[in-house]
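Student: What follows is each chain in one-letter form.
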Amino acid sequence: GAVVSQHPSWVICKSGTSVKIECRSLDFQATTMFWYRQFPKQSLMLMATSNEGSKATYEQGVEKDKFLINHASLTLSTLTVTSAHPEDSSFYICSAGQAQGAADTQYFGPGTRLTVL
Amino acid sequence: GENVEQHPSTLSVQEGDSAVIKCTYSDSASNYFPWYKQELGKGPQLIIDIRSNVGEKKDQRIAVTLNKTAKHFSLHITETQPEDSAVYFCAASNGAAGNKLTFGGGTRVLVKP
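Taken in sequence, the protein lines are chains A and B. Plus 789 on top of the position in the first sequence (first one is 1) and you've got the numbering used here. Plus 3 on top of the position in the second sequence (first one is 1) and you've got the numbering used here.
No wet-lab data here; the hints were simulated from the structure. One thing to keep in mind: the hints can contain errors.
Quick look at which bits of chain B chain A covers, simulated, 3 or more residues with Cβ under 8 Å [unchecked claim]:
#, segment
1, 34-42
2, 91-100
3, 103-112
Just so we're clear, the structure is a prediction, and the values are computed from it rather than from any experiment. Each residue gets a CB set at the ideal place from its N, CA and C atoms; glycine is no exception.
All chains should be built: construct the whole structure from the sequences, respecting the hints.
Tutor: Below you can see the structure in the form of structure tokens.
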């Protein structure tokens with residue numbers, strides 16, 4: 790149980806285009822979903838916290854107009870990278886929280902490799 | 004905010020030996036401490052976690068200990084195998100404050116056959 794999927798697993802796009810990444814919790818309803826990006830050989834950097842039906846909360850330094858997050862249901866959150874540029878190339882990973890006692894357990898998706906040419 | 008430090012950054016062990024990774028955290032309100040294993044090009048996989056009302060937890064070859072007073076927790080892998088080679092991340096969160104995970108910097112573990 791507790792499976793999180795992401796789609797696509799990789800994407801290559803031209804500079805200036807927008808890319809949408811989907812994150813789904815397959816066998817549970819997520820309390821909260823989180824979006825991270827990860828550069829090579831580095832730790833995960835939290836970008837934003839996403840709750841169903843409400844606006845996402847962005848971490849300091851993350852442009853909310855560039856990284857649009859929509860959380861349509863308890864099992865689906867999407868991240869759209871708008872007007873992507875080469876510096877947006879990264880590994881994007883989502884996680885979904887499953888309520889378990891005083892603190893949620895977070896399960897991660899397999900990640901999406903974005904390459905902007 | 005929470006700060007999590009993880010040591011060592013790299014760890015090389017012989018197959019069959021034990022591996023220990025240590026983390027310290029700063030926020031005494033943190034109450035959940037998961038460990039994730041990340042293989043190259045994949046998302047982090049939850050391997051074990053511990054909550055603040057427990058001091059130790061074991062799952063086959065993996066164990067985690069938590070010292071709330073000293074604010075540190077450790078991952079122990081016994082009888083290491085080549086497939087244990089990966090990057091391991093510790094993390095901490097506070098369930099009453101939005102469940103945001105704060106990650107350590109990661110430990111690259113290499114198990115030599």
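Student: If any of the earlier hints don't hold here, list their numbers in rising order.
Tutor: none
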